[in-house]
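Please build the complete structure, drawing on both the sequences and the hints.
So in UniProt numbering, the last spot in the sequence shown is 142, and the numbers never skip.
Because the hints were derived from the structure by calculation, they are not lab data.
All figures in this text were calculated on a predicted structure; none of them were measured in a lab.
Heads up, a few of these hints could be off.
Taking lysine to any residue and the SDA-like style, the derived pairs with C-alpha atoms no more than 25 Å apart in a straight line are [what the hints assert, rightly or not]:
no.: 1; residue 1: 142; residue 2: 64
no.: 2; residue 1: 70; residue 2: 60
no.: 3; residue 1: 70; residue 2: 80
no.: 4; residue 1: 118; residue 2: 81
no.: 5; residue 1: 120; residue 2: 77
no.: 6; residue 1: 142; residue 2: 74
no.: 7; residue 1: 142; residue 2: 129
Now the in silico label distances, taken between C-beta atoms and shown as ranges [what the hints assert, rightly or not]:
no.: 8; residue 1: 35; residue 2: 67; range: 26 to 36 Å
no.: 9; residue 1: 52; residue 2: 124; range: 48 to 58 Å
no.: 10; residue 1: 65; residue 2: 38; range: 21 to 31 Å
no.: 11; residue 1: 111; residue 2: 74; range: 35 to 45 Å
no.: 12; residue 1: 60; residue 2: 140; range: 13 to 23 Å
no.: 13; residue 1: 44; residue 2: 72; range: 39 to 49 Å
no.: 14; residue 1: 26; residue 2: 57; range: 40 to 50 Å
The C-beta atom is built at its ideal place from N, Cα and C for all residues, glycine as well.
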Amino acid sequence: MSSLKNIFSKKQGPGQASQAPESTWTVADYRERCELLEVQLENQRKEIAALRTQAMNAEHEAHSTRRMLKRARDAFFTASSELDNNFRLSPAKKAVDDAIQNYHSDMHKAEAYKQIKKLKEIVDGATIRLKSFANELDAFLK
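Okay, structure coming up:
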């Protein structure tokens with residue numbers, strides 16, 4: 001009961017209720033104070049509803065972003081695997097292997113070996129970077 005008295009005695013505004021002792025308040029003073037409190041309560045309810053809407057929108061956006069990042073991660077894993085597999089099955093890989101075997105016997109093959117080895121390093125570097133990025137995305141999403 002004392003908390004109700006505190007609420008009613010804290011009224012501010014042009015009404016007489018805040019300036020007169022509570023014992024002299026009329027029914028109209030209490031009614032005016034109740035109406036003011038009802039307006040404040042309704043405003044707070046509207047604020048809460050707006051905050052809930054914002055939270056749901058942010059959650060939806062985060063979920064969409066997460067799905068997009070998962071698709072990007074999957075695409076990077078796929079790209080790195082395909083790049084790696086394609087290189088392993090490619091003529092360049094065979095040429096690298098052949099050049100390694102014949103390196104000392106033929107200077108032309110040695111030059112070809114250097115060029116192919118450089119190509120292999122580029123492909124390996126790209127594969128490593130793709131896998132690294134995919135792993136970072138994967139770690140971020142967990």
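Consistency of the hints with the structure:
1. 142 - 64: 15 Å, holds
2. 70 - 60: 15 Å, holds
3. 70 - 80: 15 Å, holds
4. 118 - 81: 20 Å, holds
5. 120 - 77: Status holds; Cα separation ~19 Å.
6. 142 - 74: 14 Å, holds
7. 142 - 129: 20 Å, holds
8. 35 - 67: 26 to 36 Å: 48 Å, violated
9. 52 - 124: 48 to 58 Å: Between residue 52 and residue 124, where Cβ atoms are some 51 Å apart, the hint holds.
10. 65 - 38: 21 to 31 Å: Violated: the Cβ-Cβ distance is about 41 Å, outside 21 to 31 Å.
11. 111 - 74: 35 to 45 Å: Taking Cβ atoms as reference, residue 111 and residue 74 lie about 40 Å apart, which means the hint holds.
12. 60 - 140: 13 to 23 Å: 19 Å Cβ-Cβ, so the 13 to 23 Å window holds.
13. 44 - 72: 39 to 49 Å: 41 Å, holds
14. 26 - 57: 40 to 50 Å: Taking Cβ atoms as reference, residue 26 and residue 57 lie about 47 Å apart, which means the hint holds.
In terms of the numbered hints stated before, the structure departs from hints 8, 10, listed from lowest to highest.
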